[in-house]
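Trainee: This is what each chain is made of:
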Amino acid sequence: DAGITQSPRYKITETGRQVTLMCHQTWSHSYMFWYRQDLGHGLRLIYYSAAADITDKGEVPDGYVVSRSKTENFPLTLESATRSQTSVYFCASSESGAANTGELFFGEGSRLTVL
Amino acid sequence: AQSVTQLGSHVSVSEGALVLLRCNYSSSVPPYLFWYVQYPNQGLQLLLKYTSAATLVKGINGFEAEFKKSETSFHLTKPSAHMSDAAEYFCAVSDRLSGGGADGLTFGKGTHLIIQP
Numbered sequence: 007d008a009g010i011t012q013s014p015r016y017k018i019t020e021t022g023r024q025v026t027l028m029c030h031q032t033w034s035h036s037y038m039f040w041y042r043q044d045l046g047h048g049l050r051l052i053y054y055s056a057a058a059d060i061t062d063k064g065e066v067p068d069g070y071v072v073s074r075s076k077t078e079n080f081p082l083t084l085e086s087a088t089r090s091q092t093s094v095y096f097c098a099s100s101e102s103g104a105a106n107t108g109e110l111f112f113g114e115g116s117r118l119t120v121l
Numbered sequence: 014a015q016s017v018t019q020l021g022s023h024v025s026v027s028e029g030a031l032v033l034l035r036c037n038y039s040s041s042v043p044p045y046l047f048w049y050v051q052y053p054n055q056g057l058q059l060l061l062k063y064t065s066a067a068t069l070v071k072g073i074n075g076f077e078a079e080f081k082k083s084e085t086s087f088h089l090t091k092p093s094a095h096m097s098d099a100a101e102y103f104c105a106v107s108d109r110l111s112g113g114g115a116d117g118l119t120f121g122k123g124t125h126l127i128i129q130p
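In order, the protein sequences belong to chains A and B.
Take the position in the first sequence, starting the count at 1, then add 6; the result is the number in our numbering.
Take the position in the second sequence, starting the count at 1, then add 13; the result is the number in our numbering.
Think of the hints as simulated: they come from the structure by calculation, not from any bench.
The reader is advised that the hints may include incorrect statements.
Unchecked claim - In silico DMTMM-like cross-links for lysine to aspartate or glutamate, where the CA-CA straight-line distance does not exceed 20 Å: (1) A/Lys63 <-> A/Glu85; (2) B/Lys71 <-> B/Asp98; (3) B/Lys122 <-> B/Glu101; (4) A/Lys76 <-> A/Asp59; (5) B/Lys122 <-> A/Asp44; (6) A/Lys76 <-> A/Glu101; (7) B/Lys71 <-> B/Glu101; (8) A/Lys63 <-> A/Glu78; (9) B/Lys122 <-> A/Glu109; (10) A/Lys17 <-> A/Glu114; (11) B/Lys122 <-> A/Glu114; (12) A/Lys76 <-> A/Asp62; (13) B/Lys122 <-> A/Glu65; (14) A/Lys17 <-> A/Glu85; (15) B/Lys71 <-> A/Glu109.
What the hints assert, rightly or not - Covered by chain A, per the in silico footprint, the following chain B stretches (three or more residues, Cβ under 8 Å): (16) 52 to 66; (17) 120 to 129.
Stated by the list, open to error - Okay, the calculated beta carbon distance ranges per label pair: (18) A/Trp33 <-> B/Ala66: 20 to 28 Å; (19) A/Arg89 <-> B/Ser93: 39 to 47 Å; (20) A/Ser75 <-> B/Ser25: 42 to 50 Å; (21) B/Asn54 <-> A/Asp68: 21 to 29 Å; (22) A/Gly9 <-> B/His23: 26 to 34 Å; (23) B/Ile127 <-> A/Arg89: 25 to 33 Å; (24) B/Gly29 <-> A/Ser102: 35 to 43 Å; (25) A/Arg15 <-> B/Glu79: 30 to 38 Å; (26) B/His125 <-> A/Gly69: 24 to 32 Å.
All values reported here derive from a predicted model rather than from experimental measurement.
Even for Gly, the Cβ is constructed at its ideal location relative to N, Cα and C.
Build the full structure now, drawing on both the sequences and the hints.
Mentor: So, in structure tokens, the structure goes:
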């Protein structure tokens with residue numbers, strides 16, 4: 007089915023472990039984003055990508071790594087998970103930057119708990 | 014960087030009553046503005062957007078918002094609330110991303126809309 011899918015939807019891990027959250031979109035959108043959602047903070051941008059092999063930091067990038075070798079995939083890796091990274095993570099994509107259409111299409115989220 | 018302020022983390026209205034969710038933005042030039050809705054355990058979806066055309070914007074599910082430059086506001090309204098409107102609502106503004114290479118969205122902290130029967 008067309009759309010944007012995230013996996014896993016739920017993940018429990020331990021402090022210090024590496025975790026990768028996957029994001030796949032079928033629209034061939036140029037832009038992809040990773041946000042985290044926390045109570046009292048709304049959505050904060052972690053990393054974004056304007057095209058394959060082009061990534062850049064957002065507001066809260068520390069502790070995260072991204073890659074974009076293919077247009078349709080944008081995995082987010084927590085190299086050594088910490089409790090403060092317990093959150094709901096949303097991947098989003100858009101055809102162009104917000105100055106144009108502005109609409110972001112979101113996945114259903116990945117709920118990560120770090121014990 | 015732009016910022017968005019949503020007044021009220023929780024808003025409670027009775028079914029059939031007017032819904033008013035407030036959003037103020039900071040911008041030196043008229044921005045593009047958006048309202049997104051998030052239903053429980055789902056991602057966000059676009060309700061409506063303002064992109065410098067008509068100042069009164071109509072969206073899905075009977076929602077609308079009015080861009081008021083003099084007040085730097087973009088409040089979301091619906092004349093008559095329905096139980097299915099219970100959700101989290103986010104106001105967002107277009108913004109140059111930190112790397113300078115693209116425009117993205119900066120979100121407010123969200124308003125949880127509660128509908129009382």
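Trainee: Each hint should be assessed against the structure and marked as holding or not.
Mentor: Checked hints:
For the suggested pair A/Lys63 and A/Glu85, the alpha carbons sit about 16 Å apart, so the restraint of at most 20 Å is met. Proximity of B/Lys71 to B/Asp98 is assessed by CA-CA distance (about 16 Å); at most 20 Å being required, the pair is judged to hold. At most 20 Å may separate the alpha-carbon atoms for a hinted pair to count; B/Lys122 and B/Glu101 meet this at roughly 10 Å. Restraint check for A/Lys76 and A/Asp59: satisfied, since their Cα atoms lie roughly 8 Å apart, inside the 20 Å limit.
Distance check on the hinted pair: B/Lys122 and A/Asp44 sit about 9 Å apart at the alpha-carbon level, within 20 Å; holds. About 15 Å separates the Cα atoms of A/Lys76 and A/Glu101, which keeps this hinted pair within 20 Å; it holds. As the CA atoms of B/Lys71 and B/Glu101 are separated by approximately 19 Å, the hinted pair is consistent with the 20 Å bound. Of the pairs offered as hints, the one joining A/Lys63 and A/Glu78 holds, with about 19 Å between alpha carbons and a cut-off of 20 Å not exceeded.
At most 20 Å may separate the alpha-carbon atoms for a hinted pair to count; B/Lys122 and A/Glu109 meet this at roughly 18 Å. Only pairs whose Cα atoms come within 20 Å are accepted, and A/Lys17 paired with A/Glu114 is accepted, the gap being roughly 14 Å. For the suggested pair B/Lys122 and A/Glu114, the alpha carbons sit about 18 Å apart, so the restraint of at most 20 Å is met. Distance restraint check for A/Lys76 and A/Asp62: the Cα-Cα separation of roughly 16 Å lies within the 20 Å cut-off, and the hinted pair is therefore satisfied.
Between B/Lys122 and A/Glu65, the direct Cα distance comes to roughly 14 Å. Compliance with the 20 Å bound is thereby established for this hinted pair. For the suggested pair A/Lys17 and A/Glu85, the alpha carbons sit about 15 Å apart, so the restraint of at most 20 Å is met. At most 20 Å may separate the alpha-carbon atoms for a hinted pair to count; B/Lys71 and A/Glu109 meet this at roughly 15 Å. Under a criterion of three residues with beta carbons nearer than 8 Å to beta carbons of chain A, the stated coverage of the stretch 52 to 66 of chain B is upheld, 8 such residues being counted.
Remark: the stretch 120 to 129 of chain B is confirmed as covered by chain A, as 4 of its residues place a Cβ nearer than 8 Å to a Cβ of that chain, reaching the required three. Between A/Trp33 and B/Ala66 the Cβ separation comes to about 25 Å, which falls inside the hinted range of 20 to 28 Å. The supplied range of 39 to 47 Å is met by A/Arg89 and B/Ser93, whose beta-carbon atoms lie about 44 Å from each other. Against the hinted window of 42 to 50 Å, the Cβ-Cβ separation of A/Ser75 and B/Ser25 comes to about 47 Å, which satisfies the hint.
At about 28 Å, the CB distance of B/Asn54 to A/Asp68 agrees with the hint of 21 to 29 Å. A C-beta distance of roughly 31 Å is found between A/Gly9 and B/His23, which places it inside the suggested range of 26 to 34 Å. Our hint of 25 to 33 Å for B/Ile127 and A/Arg89 holds, since their Cβ atoms are close to 30 Å apart. In this structure the supplied range 35 to 43 Å holds for B/Gly29 paired with A/Ser102, their Cβ-Cβ distance being about 40 Å.
For the pair A/Arg15 and B/Glu79, the supplied restraint of 30 to 38 Å holds, since their beta-carbon distance comes to about 37 Å. The given range of 24 to 32 Å is respected by B/His125 and A/Gly69, whose C-beta atoms sit roughly 28 Å from each other.
When the structure is compared with the earlier hints, no violation turns up for any of them.
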